[in-house]
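**Student:** So you can see what is in the structure, the chains are spelled out below.
Number of protein chains: 2
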Amino acid sequence: MNFILGVKIMADFKTLMINRRSIRKFIENKKIPQEILDKIISAAFYAPSAANVHGFEIIIVTEPTLKNKIRDVCEKGEYSWVFAQPEEVKESILSLPDYSFQKEFLSEAPLLLVISTNPNNPSIPYAIESCWLSIAYILLAIEESGLGSLTYTPSICLTKKRVELNKILDLPKSQHIQTILPIGYYNERPKPKDFDYSGKVHINKFEEPIEDE
Amino acid sequence: MNFILGVKIMADFKTLMINRRSIRKFIENKKIPQEILDKIISAAFYAPSAANVHGFEIIIVTEPTLKNKIRDVCEKGEYSWVFAQPEEVKESILSLPDYSFQKEFLSEAPLLLVISTNPNNPSIPYAIESCWLSIAYILLAIEESGLGSLTYTPSICLTKKRVELNKILDLPKSQHIQTILPIGYYNERPKPKDFDYSGKVHINKFEEPIEDE
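Sequence order for the protein chains is A and B. Throughout, this note's numbering is defined as the position within the first sequence, counted from one, plus 429. Throughout, this note's numbering is defined as the position within the second sequence, counted from one, plus 429.
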């Protein structure tokens with residue numbers, strides 16, 4: 430946040446985009462004021478949504494026992510999932526920077542946002558797509574509030590065991606959890622990184638010949 | 430965009446979110462400067478992406494013959510798709526405000542961004558989810574540039590006929606088109622709208638009992 434002649438100037442969009450990085454270490458017990466949380470959640474509803482439905486559900490989890498249960502299920506689920514993958518996939522996951530089976534952020538962040546939708550409800554067209562547009566808005570609102578988060582999707586959500594998480598939260602099975610965002614204050618943030626998009630942007634036609642599926 | 434003592438101040442995030450609305454009517458033939466297009470596209474790469482892969486492809490379509498072909502396939506595909514839906518779904522689509530089988534925006538916008546990903550490539554984890562985070566960033570970058578867009582996903586993409594669109598663009602079948610964003614200048618923008626998120630936000634647990642799937 431900047432000040433010009435004492436006038437508070439919110440960070441512009443580019444600054445928000447560049448500065449936002451995944452945060453895994455939160456200052457424990459530093460709570461998030463309600464008005465900031467309201468601002469973060471309302472961002473989700475400004476995102477475009479197919480048929481203007483905003484067909485997702487958000488659960489704000491602050492209870493330590495619930496956070497610990499969620500962490501436990503996510504850690505066990507991820508361990509089973511990773512070791513059930515083909516060797517190549519397993520290796521690539523285990524070699525990711527910052528990868529760990531320990532999901533401390535789920536118990537250490539003062540607050541988790543569990544965001545889910547029902548991809549099988551015909552009244553919610555493009556449920557997953559629309560939900561992720563809203564998640565992007567939430568991530569930027571978190572950054573604008575001076576807080577940090579991580580776009581975490583438990584791998585148990587890729588399996589039939591996903592309902593174990595639903596049970597903890599009394600969430601109907603029809604709801605598919607898309608992400609669990611830990612949110613909190615932090616001391617250190619990774620540096621902005623460079624990116625290279627060569628090869629991913631094409632003019633008028635894709636350069637490669639059509640391949641068989 | 431605002432000015433304070435002659436210093437250009439970019440719109441803050443909340444203003445961008447509130448002002449961004451779906452635009453269907455573009456000023457024809459008003460081209461988008463290259464540097465603005467570069468800024469819009471680069472936004473996609475600032476979004477978080479599973480395993481930092483950014484596993485999507487972007488095709489910038491400006492050729493009028495290609496835009497017309499895309500429009501033709503999308504319109505025919507949507508007509509077939511809508512009339513193949515159960516009565517209830519069909520009625521709800523046809524009663525949407527602004528709904529039309531005519532997709533003028535596909536031929537009238539000076540530029541289309543066709544964004545696709547491969548959801549079956551194990552090297553692109555959470556391909557669709559990550560792609561839609563990037564689409565949200567693109568939409569906000571379009572708004573920040575003073576341009577308009579519409580988050581349009583052709584319904585033909587929900588069917589096996591989706592490859593008809595791929596063929597027009599020489600796009601491999603393995604790529605699933607997620608959205609076609611028409612981008613351009615506009616004269617009129619719908620007013621910001623209110624929203625109500627009561628019933629969609631829950632504290633610690635979801636209020637409803639677990640239902641059977």
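Just so you know, these hints were derived from the structure itself, not from any lab. Given the structure is predicted, the values throughout are model-derived calculations rather than measurements. Fair warning: there could be bad hints in the mix.
Given that identical chains are not distinguished, each listed pair holds provided it fits within a single copy or across any two copies.
[What the hints assert, rightly or not] Derived pair list, reagent style DSS-like, types lysine-lysine, alpha-carbon separation capped at 30 Å:
1) K519 / K443
2) K596 / K620
3) K620 / K519
4) K443 / K460
5) K590 / K443
6) K634 / K505
7) K596 / K634
8) K459 / K596
9) K602 / K622
10) K460 / K629
11) K459 / K519
12) K589 / K634
13) K629 / K505
14) K602 / K634
15) K519 / K634
16) K468 / K634
17) K590 / K629
18) K622 / K589
19) K519 / K460
20) K443 / K505
21) K519 / K532
**Student:** For each hint, tell me whether it holds in the structure or not.
**Tutor:** Status of each hint after checking the structure:
1. Taking the shortest alpha-carbon separations for K519 and K443, neither the intra-copy value of 35 Å nor the inter-copy value of 40 Å comes in at or below 30 Å.
2. In this homomeric assembly, K596 and K620 never come within 30 Å of each other (Cα to Cα): the closest approach is 38 Å inside a single copy and 41 Å across copies.
3. In this assembly of identical chains, K620 and K519 lie within 30 Å of each other by CA distance solely inside one copy; the values are 27 Å within and 49 Å between copies.
4. In this homomeric assembly, K443 and K460 come within 30 Å of each other (Cα to Cα) both inside a single copy, at 27 Å, and across copies, at 23 Å.
5. In the homo-oligomer, the alpha carbons of K590 and K443 never lie at most 30 Å apart, since the shortest distance is 39 Å inside one protomer and 38 Å across protomers.
6. Taking the closest pair of Cα atoms, K634 and K505 come within 30 Å of each other only across two copies (21 Å); inside a single copy the shortest separation is 45 Å, beyond that limit.
7. Taking identical chains as interchangeable, the C-alpha atoms of K596 and K634 lie at most 30 Å apart only when they sit on different chains, with a minimum of 10 Å there against 47 Å within one chain.
8. Proximity of K459 to K596 under the C-alpha cut-off of 30 Å is restricted to the intra-copy arrangement: shortest distance 28 Å within a copy versus 54 Å between copies.
9. Taking identical chains as interchangeable, the C-alpha atoms of K602 and K622 are never at most 30 Å apart, the minima being 39 Å within one chain and 32 Å between chains.
10. For a Cα distance limit of 30 Å, the shortest separation of K460 from K629 across copies, 22 Å, qualifies, whereas the shortest one inside one copy, 41 Å, does not.
11. When the C-alpha separation of K459 and K519 is checked against a cutoff of 30 Å, the pair qualifies neither within a copy, at 36 Å, nor between copies, at 49 Å.
12. In this assembly of identical chains, the alpha carbons of K589 and K634 lie at most 30 Å apart only when taken from different copies (21 Å versus 39 Å within one copy).
13. Proximity of K629 to K505 under the C-alpha cut-off of 30 Å is restricted to the inter-copy arrangement: shortest distance 29 Å between copies versus 36 Å within a copy.
14. For the homomeric pair K602 and K634, the shortest alpha-carbon distance between copies (14 Å) is at most 30 Å, but the shortest distance inside one copy (42 Å) is not.
15. With identical chains, the CA atoms of K519 and K634 are never at most 30 Å apart, being 35 Å at best within one copy and 33 Å at best between copies.
16. For the identical chains of this complex, K468 and K634 are inter-copy neighbours only, at 21 Å across copies versus 41 Å inside a copy, given an alpha-carbon limit of 30 Å.
17. In this assembly of identical chains, K590 and K629 lie within 30 Å of each other by CA distance solely across copies; the values are 24 Å between and 35 Å within a copy.
18. Taking identical chains as interchangeable, the C-alpha atoms of K622 and K589 are never at most 30 Å apart, the minima being 36 Å within one chain and 39 Å between chains.
19. Taking the shortest alpha-carbon separations for K519 and K460, neither the intra-copy value of 36 Å nor the inter-copy value of 47 Å comes in at or below 30 Å.
20. Taking CA atoms no more than 30 Å apart as the test, K443 paired with K505 passes in neither setting, with 38 Å inside one copy and 39 Å between copies.
21. When the C-alpha separation of K519 and K532 is checked against a cutoff of 30 Å, the pair qualifies only within one copy, where the shortest distance is 18 Å, while the shortest distance between copies is 44 Å.
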